[in-house]
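S.K.: Spelled out from the first residue to the last, the chains are:
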Amino acid sequence: MTMNAPPAPSVGGKRTRADVRRRIGEKWWVPYLFILPHLAVFAFMIGYPFFSGLYISLLDADNFSGINGAFVGLENYRQLFDPSHRQFQRFWQTLLNTVLFVLMSVPALIAVALGLAAILNAKFRGRTFFRAIYFAPWTLSVAVVGLLWFWIFQSRGGLIVDIFGWFGLTSPGWLSSQPWAWLSILIATVWWTIGFNTIILLAGMQAISADLYEAASIDGANKWQQFRNITLPSLRPILLLVITLQIIASFNLVGQPQIMTNGGPPTAQTTPVLLHLYNTGFRSPFDIGLAAAMAVVVAVVMVVVSVINFRFFSSERA
Amino acid sequence: MAGTIEAEAPARTRAGSAATRRSAFTPGKVMLYLVLILIALFFILPLVWMLSTSLKVESEVFRDRGFIPANPSLANFERLVQSGGQTPVFRWMFNSVGVATVGTILTLLLTSLSAYAFARIDFPFKNLLFSLLITTLLLPGIMFLVPQYLLISQLKLLNTWPAFMLPGLASVFGVFFMRQFFLGIPVELEEAAYVDGAGRFRTFFSVVLPLAGPSLATLGVITFIGYWNDYLWPLVTCQGAGCTLSPGLRNFQGTYSTQFGLLMAGAVLAAVPVLLLYIFAQRYIVQSVTSSGIKG
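Line by line, the protein sequences give chains X and B.
Okay, so the first sequence: first residue is 967 according to my numbering, each after it adds one.
Okay, so the second sequence: first residue is 2 according to my numbering, each after it adds one.
Pulled out of the complex, with its shape left as it was, chain X reads as follows (with noise of 0.2 Å):
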């Protein structure tokens, strides 16, 4: 112990002056108070509500009862569990919402920001001003983006009748019909999300070496080969990256349904889990005991999805 204790050279041949990480005379709490902040916050918003929340997965409480509900064991997991029961048919078919939007948003924001990227990629003026465009509704919260697509899909006076219009087309009744009301859901995704992809991943490619597209078109590569033999390839990190936080972007819609179609149509159709979880303990009955065991639920399914994922990106990899 006193052997480590002394900020011994022992740190190899890495750093030699070791001096600086534990200076002579200096006190030992020095490194404390400089963690204790941070620290002191993260125990209290993050350490302690981790154990809370699997605890008050085992009450019955609500938003008056709160942490002092009556202990009653697996209860609110039996409810999500036990197919008999009237909470399990809303729980999983709103889990199973989720994945569904998941499924369907996660191809098609890597896709169209790939597609973005490479015309980005592409050498011309105003490349800036154009990524600056493309990237602007990002900025936006999800509060204006879900009162600005609810107001353009109304099948009373929504910009989309016009647009419908112009091509001598009926427009469907967007939020009130399905699979339109998935459909405008992901499009205010797109529109809204999209950028962020985009500029990651063009920043992948502009780290890409313009050797390699040289070299391959010498060969004889049109651009479609390229972008399959060079670009992706290469982008292969980056792309796992961006694939990793898109699936947790998704599987944390919230926003845009509660706005556009309030979870409807009909009944629950696009009512996410986050959002059937949110009705369920802020909204009466304010069944907070239920909420907390759905959030752990929903967070076991997310951790293994992300798990899977990652599985999969790195043994493709031979």
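Hints listed in this document are in silico derivations from the structure and should not be mistaken for laboratory results.
Backbone N, C-alpha and C define an ideal beta-carbon position, used for all residues, glycine too.
To be clear about the criterion: a stretch of chain B counts as covered by chain X if any three or more of its residues have a C-beta under 8 Å from a C-beta of chain X, and this derived list gives those stretches:
no., stretch
1, 36-50
2, 116-122
3, 136-149
4, 164-174
5, 223-237
6, 241-249
7, 259-270
Since the structure of chain X is provided, determine the placement of chain B on it from the hints.
M.R.: Positioned in the frame of chain X, the structure of chain B alone reads:
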């Protein structure tokens, strides 16, 4: 094929005025710009439509279909200001600006202090502690919604700025991000200060932090946007005039569900500050988001 090589090679070597001018009029370039502009319209027109609707009085919203209002009017904005009690848009905006500004400053301070210790000072359990912090990055945020809400509610902090700020202040990403930067700056700079007799905190504030300007700005930009656009958490913890803009607008929608001129005026007020900021600092914001996204 040969043509592309020819056109690209000189463009890279000299900043190639001749090469760009020559390629400016090829059919390919024209097509490219056509596509670029069409895509740009997809992103721009909805915003124009939002602004346009907000400038039409309610009776014309459904009749006047132009992108440029026939009789532009500020009536909707006046109503927003006057109906202060019900739709305290300016209170919400004040809260949003305050929370985002103070929250960002505090987040930068807390995370960079902590990150410096993790990067530069050896202390017992350092690696264990750091791994623990990083591991929580993998946990889905939804797990914390209910327990954080109960905690804030028990502390009687609902509907206050600290409530909106606290989850962001616990940011592990910020610690991770700043640590990466501190690891990269040469130790010699700190040594000089040390030799001059400066303590750790003096060194940190007068030598290290000034160097970290660009990194702090990057983290600051994304933290600010994060606070500004935060939705579910303030929606859960606020009510009435105490809200920030995003949850406020959602409640606002409940009150005026079909008065689209008014709704769009609210949306415009919420969108304009960020969009203005974006127009002026566009290059910088895009760079910040890119570099934080890739490093994170």
